[in-house]
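S.K.: Listed below, chain by chain, are the residues.
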Amino acid sequence: MNGAEEILRVEGLGKTFPGVVALDGVDFDLRAGEVHVLLGENGAGKSTLIKMLSGAYQPDAGRILLDGSPVHIRTAAEARRLGIATIYQEFNLVPQLTVAENLALGRPPRRFGFVDTRRMHDQARELLDRVGIDVDPRARVAELGIARMQMVEIAKALALDARVLIMDEPTAVLTTGEVERLFTMVRQLRDRGVAIVFITHHLEEIARLGDRVTVLRDGRSVREVPATTPQDELVRLMVGRPIDQQYPRAAGDPGAPLLKVSGLTRAGAFAGVSFEIRAGEVVGLAGLVGAGRTEVARAVFGADPYDSGEVLMDGRPLPRTNVRAAMEAGLGLVPEDRKGQGLVLGADVAENLGLVTLSRSGRGGFVDRAGRRKEAGEVAGRLGVRMSNLGQEVRTLSGGNQQKIVIGKWLLADARVLILDEPTRGIDVGAKVEIYQLINSLTASGHAVLMISSDLPEILGMSDRVLVMARGRLVGELDAAQATQDAVMALAVTEVEETRVH
Amino acid sequence: MSTNVLTRRPAVRSLLAENGALGALIVLAVALSLLSPDFLTVTNLLNVGVQAAVTAILAFGATFVIITAGIDLSVGAVAALSAIVLAWTATEAGLPWPVATVVALVVGLACGLVNAALIAYGKLPPFIATLAMLGVARGLALVVSQGSPITMPDAVSHLGDTIGGYLPVPVLVMALMGIIAAVILNRTYPGRAMYAIGGNEEAARLSGIAVNRQKLVTYALSGVFAAVAGIVLASRLASAQPQAASGYELDAIAAVVIGGASLSGGKGRAFGTLVGALILAVLRNGLNLLSVSSFWQQVVIGVVIALAVLLDTLRRRGAN
Chain A
93 MNGAEEILRV EGLGKTFPGV VALDGVDFDL RAGEVHVLLG ENGAGKSTLI KMLSGAYQPD
153 AGRILLDGSP VHIRTAAEAR RLGIATIYQE FNLVPQLTVA ENLALGRPPR RFGFVDTRRM
213 HDQARELLDR VGIDVDPRAR VAELGIARMQ MVEIAKALAL DARVLIMDEP TAVLTTGEVE
273 RLFTMVRQLR DRGVAIVFIT HHLEEIARLG DRVTVLRDGR SVREVPATTP QDELVRLMVG
333 RPIDQQYPRA AGDPGAPLLK VSGLTRAGAF AGVSFEIRAG EVVGLAGLVG AGRTEVARAV
393 FGADPYDSGE VLMDGRPLPR TNVRAAMEAG LGLVPEDRKG QGLVLGADVA ENLGLVTLSR
453 SGRGGFVDRA GRRKEAGEVA GRLGVRMSNL GQEVRTLSGG NQQKIVIGKW LLADARVLIL
513 DEPTRGIDVG AKVEIYQLIN SLTASGHAVL MISSDLPEIL GMSDRVLVMA RGRLVGELDA
573 AQATQDAVMA LAVTEVEETR VH
Chain B
21 MSTNVLTRRP AVRSLLAENG ALGALIVLAV ALSLLSPDFL TVTNLLNVGV QAAVTAILAF
81 GATFVIITAG IDLSVGAVAA LSAIVLAWTA TEAGLPWPVA TVVALVVGLA CGLVNAALIA
141 YGKLPPFIAT LAMLGVARGL ALVVSQGSPI TMPDAVSHLG DTIGGYLPVP VLVMALMGII
201 AAVILNRTYP GRAMYAIGGN EEAARLSGIA VNRQKLVTYA LSGVFAAVAG IVLASRLASA
261 QPQAASGYEL DAIAAVVIGG ASLSGGKGRA FGTLVGALIL AVLRNGLNLL SVSSFWQQVV
321 IGVVIALAVL LDTLRRRGAN
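Chain order of the listed sequences is A and B. Counting from 93, one number per residue, gives the positions in the first sequence under our numbering. Counting from 21, one number per residue, gives the positions in the second sequence under our numbering.
Any given hint could be a false lead.
Keeping only pairs whose Cα atoms sit at most 20 angstroms apart, straight-line, the calculated SDA-like set for lysine to any residue is [as the list claims (entries may be wrong)]:
| hint | chain 1 | residue 1 | chain 2 | residue 2 |
| --- | --- | --- | --- | --- |
| 1 | A | Lys352 | A | Ala363 |
| 2 | B | Lys143 | A | Pro397 |
| 3 | A | Lys143 | A | Val113 |
| 4 | B | Lys143 | B | Tyr209 |
| 5 | A | Lys143 | A | Arg155 |
| 6 | A | Lys352 | A | Lys431 |
| 7 | A | Lys143 | A | Phe183 |
| 8 | A | Lys431 | A | Gly518 |
| 9 | B | Lys143 | A | Arg517 |
| 10 | A | Lys466 | A | Gly476 |
| 11 | B | Lys143 | A | Asp396 |
| 12 | A | Lys431 | B | Leu334 |
| 13 | A | Lys431 | A | Arg478 |
| 14 | A | Lys143 | A | Val163 |
| 15 | B | Lys143 | A | Leu410 |
| 16 | A | Lys431 | B | Ser266 |
| 17 | A | Lys143 | A | Arg487 |
| 18 | A | Lys352 | A | Gly401 |
| 19 | A | Lys352 | A | Arg284 |
| 20 | A | Lys431 | A | Arg517 |
| 21 | A | Lys466 | A | Arg478 |
| 22 | A | Lys466 | B | Tyr209 |
| 23 | A | Lys431 | B | Ala89 |
| 24 | A | Lys431 | A | Ala361 |
| 25 | A | Lys466 | B | Asn206 |
| 26 | A | Lys466 | A | Glu485 |
| 27 | A | Lys352 | A | Asn414 |
Read the hints as simulated data drawn from the structure, not as lab findings.
Chain A with its partners taken away, still in its complex shape:
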């Protein structure tokens, strides 16, 4: 990499928001044809940095140099003109339009003043070929899976001849196979001379894809290291202290069965799913994305219907599609889509923490506001939520702190069986460990956790038992001793291949 042409350089960048110093002196440089990983806990300043590079924020201090000369990137359009494209976790695609229309959005090819559909499709196909994906340009974006949407987003960035491609946690939403394909594509782009800024929380991805790593902590660039740096060292740089244990599971003896699911079936989604969860247990639910894990969890919780089967809490059957009844029986669900399903983003911390217990905090028909606030304050303290005060909008919190609030509302409700769907997705190492410790303290006090996760090391590290789903069926159960990465993956894929043969 040495000697490669430097494209982008950032010197002493600083940014202050009212009450918060988001960036406090960041240095960073990017060369053509490299993958430069930005590493840091949530709140370390990665998002602020890339928002400044893509024109969403203006720096208060320091400067950005492109090809050696200082630039002011005032708008997203200006960033694009300078050849800087950003792919955020939330895609900028119009789901109702076709792939080709999205790729040509804002500047479709025209003929006699009308959109030239044929040329638009030809151009789209060419772009899609460059990214190396097989997608019909006429398909509606809404019909594509997340992985393909991401590819379309990348194709869109390339359509603008981007020299700098910023990718904000692109692998967070992908399955293992999809990650492989993404990496292949990123390597191709890199070999073609595109400079790539890559953000990830998966440390094992760094050595596989990256060239250099810049570690951010508390708004400062701490150090620049080669991507071959051992993971322990990266964690130490990122957190500022060594983390002795990534998965601090402390298992106890399981107690009485709390939740029992038998023969749960919904046509087209899952079939014959039976399992039991006992007090004090953490049960992991593994499987590929699309295996039906989330669907089962939501049906158990009453959020979605099922055709047949039964859900029992403490031996008593729960009515179908009745979240309220499930909640009152002691079930809780932390959904996979934190922002879309877990939080009222425009409301404050106290309001969100009290959402589940709202119906119980009545006093003579009136809501006991002081009591709610006090409870919210206590649980926020217990969870170590980093916020300015209880009145802060949850929208402005970091992902880890937002997740603590979603979990916190169920702690207030004292849910005895908590279903956690991808509880640590997009969360930094430090906050992950805090959530694991919270899981430990829950199970130690006789509660139980059903944890869905696509992060296999996490499932293996934290579960006392692992259930594996494939194609809507429960295909296996492994205890902690048997559960290895290979064993789980073997179960997760076999059924799929069998089904494909038919």
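With chain A fixed as given, assemble chain B onto it according to the hints.
M.R.: Below, chain B without anything else, positioned relative to chain A:
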């Protein structure tokens, strides 16, 4: 220089954000008292209060709905229907006026429940469901009254009077309904649930809030508030008119939005709505005092509504 501008802008923005509507009302009042000697008199201000009352009561009901990210276009028509039903029950059917009043309120409630049923269980967009109700309620008002005004019973007409010769009852009713709305929104389960539903319906549902049931409560409240507004309006005119309150639903929505609520839900306060209704009333009153033609008044009010929504957008941008 540039840092100066940078540090000053958020302060101005936050001022606009927190006190936008109230600040505008004060500016408007000061300007009008300078422009017209008749504005800042007790008689005129009470007059403004009376003018604002019907809009404000309708708007309190609309506030509930808008906080849940819904819309209720039927409130004007429901107000007219309720008043007609009251007058008809008391005069034509000869029932005692308290019974007639209860029947009128039940009609408002029923209209709201039908709206909610269509929205919550029929999954109709609120715009369509309440647009249909607008037609139905207005039509029924014409059917029941056979197209002519009906005299209000005397006992109820006192709602349009004054206490002690100066304090208008509509203003008192407005204040009372405002307090009820504020208490519901801030201090009751349905009120807090409205904010959660408007902020994120799926999150509310997954937190055990019975979203459909709460929508029933929301639209039912809007219907009852509309009935009260209709009764107050008819009392002031001493007769219930089938075409009364036409287009008031838009004034009500405007008052709510000027008062700082967001049409995308999750935000809004009863006090803000009161200020919004007062702004509209003060504006109309002031333009009358300044002898601005009623044609131009419509233009001015349109501009004010646009400015209010612009302010809302600015505020959200300021908050990032």
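S.K.: Against the structure shown, which of the earlier numbered hints fail to hold, in ascending order?
M.R.: As far as the earlier hints go, 4, 6, 9, 12, 15, 16, 19 and 24 are violated by this structure, in ascending order.
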